[in-house]
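Trainee: Turn these sequences into a full structure, and let the hints steer you where they fit.
Next come the chains, spelled out residue by residue.
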Amino acid sequence: MTMREEIEAAAARYPSRRSAIMPALLIAQKEHGHLPGPVLEEVADILGVERIWVYELATFYTLFHTEPVGLFHLQLCDNVSCMLCGAEALLGHLEATLGIGKGETTGDGLFTLSTVECLGACEMAPVMQVGDEYYGNLDAMRLEALLEGFRAMAVGRAASPEPASVRPRGE
Amino acid sequence: MFESVLLKNVDLPDGHLLRSYEAGGGYGALAKVLREHTPEEIVELVKQSNLRGRGGAGFPTGMKWSFVPKQTAKPKYLCCNADEGEPGTFKDRIIMERDPHQLIEGLAVSGYAIGAETAYVYIRGEYVTAIRRLEQAIAEARDAGYLGRGVLGSDLNFDVHIHCGAGAYICGEETAMLESLEGRRAQPRLKPPFPAVAGLYASPTVINNVETLACVPHIVARGADWFRGIGPDKSPGPKLYCVSGQVRRPGLYELPMGIALRELIEEHAGGPLPGRKVKAVIPGGVSAPVIPETGLDVGMDFESLAAVGSMLGSAGVIVVDDTTCMVKVATRIVEFFHHESCGKCTPCREGLNWAVKVLRRIEAGEGTAGDLEQLDMLCKGIFGNTFCALGDGAAMGLRAALKHFSDEFVAHIEEHRCPFHS
Numbered sequence: 001m002t003m004r005e006e007i008e009a010a011a012a013r014y015p016s017r018r019s020a021i022m023p024a025l026l027i028a029q030k031e032h033g034h035l036p037g038p039v040l041e042e043v044a045d046i047l048g049v050e051r052i053w054v055y056e057l058a059t060f061y062t063l064f065h066t067e068p069v070g071l072f073h074l075q076l077c078d079n080v081s082c083m084l085c086g087a088e089a090l091l092g093h094l095e096a097t098l099g100i101g102k103g104e105t106t107g108d109g110l111f112t113l114s115t116v117e118c119l120g121a122c123e124m125a126p127v128m129q130v131g132d133e134y135y136g137n138l139d140a141m142r143l144e145a146l147l148e149g150f151r152a153m154a155v156g157r158a159a160s161p162e163p164a165s166v167r168p169r170g171e
Numbered sequence: 172m173f174e175s176v177l178l179k180n181v182d183l184p185d186g187h188l189l190r191s192y193e194a195g196g197g198y199g200a201l202a203k204v205l206r207e208h209t210p211e212e213i214v215e216l217v218k219q220s221n222l223r224g225r226g227g228a229g230f231p232t233g234m235k236w237s238f239v240p241k242q243t244a245k246p247k248y249l250c251c252n253a254d255e256g257e258p259g260t261f262k263d264r265i266i267m268e269r270d271p272h273q274l275i276e277g278l279a280v281s282g283y284a285i286g287a288e289t290a291y292v293y294i295r296g297e298y299v300t301a302i303r304r305l306e307q308a309i310a311e312a313r314d315a316g317y318l319g320r321g322v323l324g325s326d327l328n329f330d331v332h333i334h335c336g337a338g339a340y341i342c343g344e345e346t347a348m349l350e351s352l353e354g355r356r357a358q359p360r361l362k363p364p365f366p367a368v369a370g371l372y373a374s375p376t377v378i379n380n381v382e383t384l385a386c387v388p389h390i391v392a393r394g395a396d397w398f399r400g401i402g403p404d405k406s407p408g409p410k411l412y413c414v415s416g417q418v419r420r421p422g423l424y425e426l427p428m429g430i431a432l433r434e435l436i437e438e439h440a441g442g443p444l445p446g447r448k449v450k451a452v453i454p455g456g457v458s459a460p461v462i463p464e465t466g467l468d469v470g471m472d473f474e475s476l477a478a479v480g481s482m483l484g485s486a487g488v489i490v491v492d493d494t495t496c497m498v499k500v501a502t503r504i505v506e507f508f509h510h511e512s513c514g515k516c517t518p519c520r521e522g523l524n525w526a527v528k529v530l531r532r533i534e535a536g537e538g539t540a541g542d543l544e545q546l547d548m549l550c551k552g553i554f555g556n557t558f559c560a561l562g563d564g565a566a567m568g569l570r571a572a573l574k575h576f577s578d579e580f581v582a583h584i585e586e587h588r589c590p591f592h593s
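Line by line, the protein sequences give chains A and B. Just so it is clear: in the first sequence, position 52 is 52 by the working numbering, and no numbers are missing. Just so it is clear: in the second sequence, position 241 is 412 by the working numbering, and no numbers are missing.
Hint data in this document are derived by calculation from the structure and do not stem from the laboratory. Among the hints, a few may not be true.
Calculated from the model, a selection of chain B residues having no Cβ within reach of chain A, i.e. all distances over 10 Å [unchecked claim]:
(1) A357
(2) D396
(3) G400
Heads up, simulated DSSO-like pairs for lysine-lysine below, C-alpha to C-alpha not over 30 Å straight-line [claimed, not checked]:
(4) B:K528 - B:K515
(5) B:K551 - B:K515
(6) B:K245 - B:K362
(7) B:K528 - B:K551
(8) A:K102 - B:K528
(9) A:K102 - B:K515
C-beta: ideal position from N, C-alpha, C; glycine also.
Mentor: Here you go:
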């Protein structure tokens, strides 16, 4: 399906096309990687809604990126449970290893580093989201292995690193 | 040993698939409801069970359903609050990832009870696996006739759609969720009118949490007496407790409502890490005021926790041990609320910004003698003066930390350093 077709399919789920702005932005971001002005305007035009409505949402919700992000967006949770399990040290490790600070992207465009509020995976704290996957029970060694895995993925030499096993019942 | 009901399927390798759910008797409650009961009887059954909402506020579910006007020309909507954003909480994610049909059956029974033909599951965008699993499960349920037109050959038309959030904690507040679903910034609405009367698209709307809806098929299958027979009279039923932080066995535990917090931590979650002692526990996500170790014999239910100045909230239990600085914990909690404030009202937007600055100063050893008084003044200015409960949650959390761990705050100010860092 084209982006327009996907957005139309999403809009069909609601009695109001304004409701489809958030789903449409998620579709557009998946297509373009981020949401620059022309993409926001295209979304507004497809839905036939005011452009300001689309701008309002794109700048309110943290999962929408109006600026480009790296190929791998490392989103480290540093809320209370992850903080108690060492997230602060992991952030320092990532900053030192990648040579960038929070909110920055490496020069090669490979990694963007962010901290995020709770990812809702506190049972495997500290946890990080990269793309669609959660990586939990992190320590410095596992972080290093993950970065290597992502670098290998970038040159097409490996598949996505194995996500953390979920331990839903304290096992 | 307590029989696991809500988590019965979550450890099955294919617990998310329809065949697993059906093999365990799944969708039997929906079939029974359509065959044997009127919508009014289901509302009455849920009232009798005394099921209270599992999202945080603990409002009686059957009563909430009964507020929906029976005679109305407008469509009625059911919204599932799956925007699980309270730090320390992950129970709904695990239900949706590992047993999504349990939620779908709960939605269908609840939709029948309130007369809704459409349900939206508002699920936080970070939960990619849960979204994917729930999408698959909805498609399976449609193909099997559990959703769609003429559910199981009955007159019921009912369908479920997923609406993905995009990273805003305030969407967990029910009226902000409705704003978001309507395509606006998630800022809370003034109540009344309450959503049951004028909610989504100004139509009657019921909003229930994932865990609440997951309880409904079991109440139908086993009866209100079974449910009411578990835990305390005023807060009955099985309950999911999320345990995380500095504890040996973090995880999700299904136990009776009302279990002692100490038993949950020490016996089920394995107690503190080797060589350490539990210092404090946040019992219900970061909105719930912290409890010092001496208070851990409290029951994990709405009334018992309220009686000791805390709350059950989302039952996200965060364990803090004796190596940790409570000023740092309090600072991180207030930073969270400051970050997530939607900006609609001044006490929350400005007050939390101010509180964060003072707390960071104290934690860095640069606090002054008047800072604790100033924090107290800020809590008074925020609590009870904000549009929704976000500001209250921050103020309550900070007040509890100041009350129970004042010695640590004072030590930071007097020693001009954090005593937990050399």
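Trainee: Given the hint that K102 (chain A) pairs with K528 (chain B), test it: the Cα-Cα distance must not exceed 30 Å.
Mentor: Status holds; Cα separation ~19 Å.
Trainee: Was A357 (chain B) rightly flagged as not at the interface, with every chain A Cβ beyond 10 Å?
Mentor: It is violated; A357 (chain B) is separated from chain A by about 7 Å at its closest Cβ, not greater than 10 Å.
Trainee: Would the pair K245 (chain B) and K362 (chain B) pass a check requiring their Cα atoms to be no farther apart than 30 Å?
Mentor: holds, 20 Å
Trainee: Beyond 10 Å from every chain A Cβ: check whether that's true for G400 (chain B).
Mentor: Holds, because the least Cβ-Cβ distance between G400 (chain B) and chain A comes to about 24 Å, which exceeds 10 Å.
Trainee: Under the criterion that the straight-line Cα-Cα distance not exceed 30 Å, is the pair K528 (chain B), K551 (chain B) satisfied?
Mentor: Since the Cα atoms of K528 (chain B) and K551 (chain B) sit roughly 17 Å apart, the hinted pair holds (cutoff 30 Å).
Trainee: Hint check: K102 (chain A) vs K515 (chain B), CA-CA at most 30 Å. Holds or violated?
Mentor: Since the Cα atoms of K102 (chain A) and K515 (chain B) sit roughly 27 Å apart, the hinted pair holds (cutoff 30 Å).
Trainee: With d taken as the least Cβ-Cβ distance between D396 (chain B) and chain A, does d exceed 10 Å?
Mentor: Fine: 28 Å to the nearest Cβ keeps D396 (chain B) off the interface.
Trainee: K528 (chain B) and K515 (chain B) were given as a pair; does the straight-line alpha-carbon distance stay at or below 30 Å?
Mentor: holds, 20 Å
Trainee: Do the alpha carbons of K551 (chain B) and K515 (chain B) lie within 30 Å of each other, as the hint requires?
Mentor: holds, 19 Å
Going through the hint list in order, the structure does not satisfy hint 1, though it satisfies all others.
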